[in-house]
Amino acid sequence: MIGPDTVGLTPEEGRHAAQLLGRVPTALEWGLFGALWSEHCSYKSSKNILAWLKPPPGQVVGGPGDNAGVVRLNAHWEVAFKVESHNHPSYVEPFHGAATGVGGIIRDVVAMGAYPVALMDSLRFGPDSARLQEGVVRGIGFYGNAIGVPTVGGELSYGQAYRGNPLVNVLCVGVRKPGAGISAGTSRPGDRIVLVGADTGRDGIHGASLLASRSFAAPDAETGTLRPAVQVGDPFTGRMVMEAMLAVLQGGKLHAMQDLGAAGLSSALAEMAGQGGVGVEVDVDRVPRREMGMTPYEVMLSETQERMLLTVPPGDLAEVLTQLSQLEVRASDIGTVTADGRLSVREAGAVVASIPAGSLTDGAPRRAAPERMVGPIRVPERYAPSGVFRREEALFVLGHPECRSKASVYHRYDSMVQTHTVKGPGDDGAVLRLDEGPDGLVIAVDGPGRLSACDAYTGGARAVLEAVVNVTAMGGIPIGLSDGLNLGSPDDEDVFRDFAALVAGIADAAHALQVPVTGGNVSFYNQTGSDSVWPTAVIAAVGRHPNPEAAIARGTLEASMALYLLGEAESTLSATVWRLTLGDGLPGPATAPDWTRSRAVLEALSRLNEAGLPAAAHDVADGGLFVTLAEMLLAQADPATGLDVTVDSDLPARAALFNEGPAQVVVAVPDHREGDVLRILASSGCPGRRLGAVTGSGALTFETCEGRFTYPREELRAAWLPPELTEPDAVLAGKGDAP
Amino acid sequence: MKVAVVTFPGSNCDRDTLRALSRLPVEAVPVWHRDTHLGGASAVILPGGFAYGDYLRAGALAAHSPVMGTVRELVNAGGRVLGICNGFQILTESGLLPGALAMNVSRRFQCEWVQVQVQECLPGLRFAAGERFSLPIANGEGRYIPDPQRPLGRDAVAFLSYRDGAGRPHNPNGSWREVAGVASADGRVIGLMPHPERASAAWLGGEDGLRFLRVWTGGDGVPA
Amino acid sequence: MSRVHIVVHLKEGVRDPAGEAVQHVLRDMGFLVEHLRIGRHITLDVDSAAGDDAARLGREMAERLLANPVMEQFSVEVRS
Amino acid sequence: MSRVHIVVHLKEGVRDPAGEAVQHVLRDMGFLVEHLRIGRHITLDVDSAAGDDAARLGREMAERLLANPVMEQFSVEVRS
Ligand SMILES: Nc1ncnc2c1ncn2[C@@H]1O[C@H](COP(=O)(O)OP(=O)(O)O)[C@@H](O)[C@H]1O
Ligand SMILES: [Mg+2]
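Residue numbers (this note's numbering), protein chains in the order written: chain A, 1 to 739; chain B, 1 to 224; chain C, 1 to 80; chain D, 1 to 80.
Just so you know, not all the hints are guaranteed correct.
DMTMM-like cross-link-like pairs, simulated, lysine to aspartate or glutamate; straight-line CA separation at most 20 Å [to be verified]:
#	chain 1	residue 1	chain 2	residue 2
1	A	K47	A	D362
2	A	K47	A	D508
3	A	K177	A	E436
4	D	K11	D	D52
5	A	K44	A	D494
6	A	K406	B	D147
7	A	K44	A	D492
8	A	K47	A	E13
9	A	K253	A	D316
10	A	K44	A	E493
11	D	K11	B	D147
12	C	K11	C	E63
13	A	K406	A	E715
14	D	K11	C	D45
15	C	K11	A	E291
16	A	K44	A	D5
17	C	K11	D	E34
18	C	K11	A	D199
No lab work stands behind these hints: they were computed from the structure.
Please work from the sequences and hints to get the whole structure.
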């Protein structure tokens, strides 16, 4: 029997649903309420808190609320982008879970009328998850490579907290011409509703309402029973649908567009109706099926991938269907846009469900937001570790999984297709050159979960700061943010408080740095038993690059250059990678950003960029200054390049080399421009100092208060490159790899 | 010169190839895989991507597209065809070039820059023996396997081979004899795994690919 | 030595996009096929005199590595 | 309707990197397997009363599309 409990509703929500209808809902109606009022679709726990992120008026073209946020780049382009998670599906089936995550976020961007130009993926695993990681990386490559959207960067990080709860967040960025956009809420009564793409099967029914809206109490048993059929990624159909949607959009006949994601048709239709203030009536018999005997319930809740919805004026229907058939994608007229504001479903002529659409979307029960809180903020202790610095520690940090080269992963992603990529994976962010207009795009993602381990507010703020610093270091001017929030169960009061603090940290950072949050995603229930993930905010920052062809990044260093550190080192090693090398898995609290100083660093960096001074720039993050400089050195083609620096002599060597204090950036500038650099630092109020010089020694040399340490390039390289993988990466699960 | 660029369902380097050609003094026209004419072009490019998702085997399903009959006729009539990556796979699958492309020995998709060297001069084209190009590869099935029934050296030759930075043989994927590209002996049909269109501007990392395409479209190899 | 054949197929109901694409092209070529599904066929040798034993080993390998229980089913056959 | 099974394998002598890797992992797991090769197992239905006919069709499809003769060999079996 289908009732409130079988569709994941509480008894109280069940009563509320019946009250709204004034009668006992039908089986299908229960399914619709269950899916749309699920945490995943309704954001019932998070919506009131997410309101804190609302950008000031005028800063965005389309803000939170649409399938993806939209900001203006210049007169030629608008940028649509969003981060989305696919954590639960990737845990159940790493390859297809990750693959369908990529497909899903691409369709959100397409639904805004934007052509997807870049992907980034942010991954978190437990320390011994080689096989899971292999499946996820394979899945991301399988989908992204084939659909033809370059994966231009990402993140890969580990922590005990992610052991039973891996995180797979994907960012997609698309571009559209101003005025060429479309959205879900612009249908008009009388329009025909057209379903495009794959035939519907019994895939992933209840994926959203149950799988992604609950904890994994007993993962195997539970996921085993909740899963009718795993969703399979099909980048081929994905590409056909993507190209076809953007082609018909150009014809100017479409009124609205919506992707099918979680909860399938039911959610897509409810969104279209709810946002547009219209009604929709569909005939399930007209939905093409892959399997026999599917019930309306199954058709409406199926999460079969690679599907989109359109609305078209009836007079243009034939033309649009003809065009779609020439483009070789399936398209079916499945219903009508009405004026009654209801989501109605017919089967064999009879109405089997009819619900006011608004009650499914905005009418979902909501949890009240707590007081907007920022604390308790935990302040890290000053430098504590005793004992003298040993030179091998640095190699240990450089070779730590957080710091070592990720090339063996990103070389498996196509980062160059579409021929826009000026700077791809391996830098602080990516730079794309667009076909028209002077400006390029800069993109970075950062989700330092470790910094949230003790204090989510600080973690959220630092994630935003790091992403914005990365965009600026790449030469960009930040124009928008998207946030993927990953937490445990919101039913747990501590987790809920962390969530509020995380959002408050992001909101404060966005406000302090004057970059709008345009959208994002919330993934709760990343929790197994009482083990929950660190509150992890994956922040994507997008920026405008005024001169993309000349993007510098790690650059080419020459012996006539000096190195400067913008910002200030700090004396704590709490929450650093060095701290992780102690091996207890407890990072300790992180330092909250000082906004005045952070703004000064960003200001100085952008003025250096405007003056064309930096020949290279790289921020200080995982592993501290040592790793920053080692990476700059290893990025040089010329093996003779060396760096000779003197670190802050007020600090113990260890603190100077490995602190990860916020807002620090290393830049390399031609030596004879020292005066200009110092002038810009002074007038921006940016603390900073000359670190040293580029040399021809082929080595990295540090002068510290504990002595002088030299690391030849080959020694650094050997530490930084992970050993050739020999783990069972040939797992057969998943397709696309058998010849 | 007029060059047609074919889009198969699932091709994803078709536009990139058109854009690279726009930097050369040639006319480039897009063609859909169901088309049975090439718009008067005397040369055709089968671009990279994942035609039909590379399902079954890379290139196998696309080899049966209607346009392939037309491509064959063009070659018989003296025209030229260039298969890039997936296009190369389509050429071997359709028998226009001998051999096959199998999964890389790494079992992985590999996206990286490589050096390739011209091993054989081709009639009618000004590729110089020993000439090198720095180009990106991006494939999971790029390991060349020769056909014992149609060995290279008769009607077709090992046109390009992988080299390391110092010009020594180098093998990124386990290809037979470091083969990176194959051509019919008459030079009309060429297939290669690397992507010349991705090396068509300095800001993309290099212009060797543009030079390659310039030579293929009948120009010389002198840098612009 | 016994030769073990392990056939792994997607479960009923799980979408097989590769199979769909191949079927589509075969039909374009004039072959009126239906329900085309693509699975894996793994052959291997185990050093086991008794066929029973080899079959048991085959099942164990399929369960532990060769098939993905979330979406695949398998069958095992032994020929000596 | 006849159900046709077409098994496609890499020829002897053509390296099968996926097979090698899987064999390696199985051995690590304690299964002493050898000669592990991974091929494709395609099942499909054809509308043909006679089994002979279905087998002929199966061979034809394998020759023209499902197997690549340069590197693969195939076998066809019909069960009704
Ligand atoms: N963490 C967040 N920050 C800002 N906006 C958010 C966040 N999470 C969700 N949103 C917004 O809520 C809306 C619904 O999100 P979602 O259900 O993930 O969209 P979709 O179903 O299109 O993927 C989107 O507009 C999204 O941008
Ligand atoms: Mg959406």
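Hint by hint, here is what the structure shows:
In summary, the hint linking A/K47 to A/D362 is supported, as the alpha carbons are separated by about 10 Å, within the 20 Å threshold. With a CA separation close to 17 Å, the supplied pair A/K47 and A/D508 stays within the 20 Å bound. A distance of roughly 10 Å separates the Cα atoms of A/K177 and A/E436; the hinted pair therefore holds under the 20 Å criterion. Under the criterion of a C-alpha separation no larger than 20 Å, the hint pairing D/K11 with D/D52 is inconsistent with the structure, at around 26 Å.
The straight-line distance between the Cα atoms of A/K44 and A/D494 is roughly 17 Å, inside the 20 Å bound, and the hint therefore holds. Distance restraint check for A/K406 and B/D147: the Cα-Cα separation of roughly 37 Å exceeds the 20 Å cut-off, and the hinted pair is therefore not satisfied. In summary, the hint linking A/K44 to A/D492 is supported, as the alpha carbons are separated by about 15 Å, within the 20 Å threshold. Restraint check: the Cα-Cα separation between A/K47 and A/E13 comes to about 17 Å, which is no more than 20 Å; the hinted pair holds.
The suggested pairing of A/K253 with A/D316 holds, with an alpha-carbon distance near 7 Å, which does not exceed 20 Å. At most 20 Å may separate the alpha-carbon atoms for a hinted pair to count; A/K44 and A/E493 meet this at roughly 15 Å. A threshold of 20 Å between alpha carbons decides the hint, and for D/K11 with B/D147 the separation of about 12 Å falls inside it, so the pair holds. About 14 Å separates the Cα atoms of C/K11 and C/E63, which keeps this hinted pair within 20 Å; it holds.
For the hint pairing A/K406 with A/E715, the CA-to-CA distance comes to about 18 Å; that is within 20 Å, so the pair holds. In summary, the hint linking D/K11 to C/D45 is supported, as the alpha carbons are separated by about 17 Å, within the 20 Å threshold. Straight-line distance between C-alpha atoms of C/K11 and A/E291 comes to about 13 Å, which keeps the hinted pair within the 20 Å bound. A threshold of 20 Å between alpha carbons decides the hint, and for A/K44 with A/D5 the separation of about 17 Å falls inside it, so the pair holds.
About 28 Å separates the Cα atoms of C/K11 and D/E34, which puts this hinted pair outside 20 Å; it is violated. Taking the CA atoms of C/K11 and A/D199, the gap is about 17 Å. The hint holds against a cut of 20 Å.
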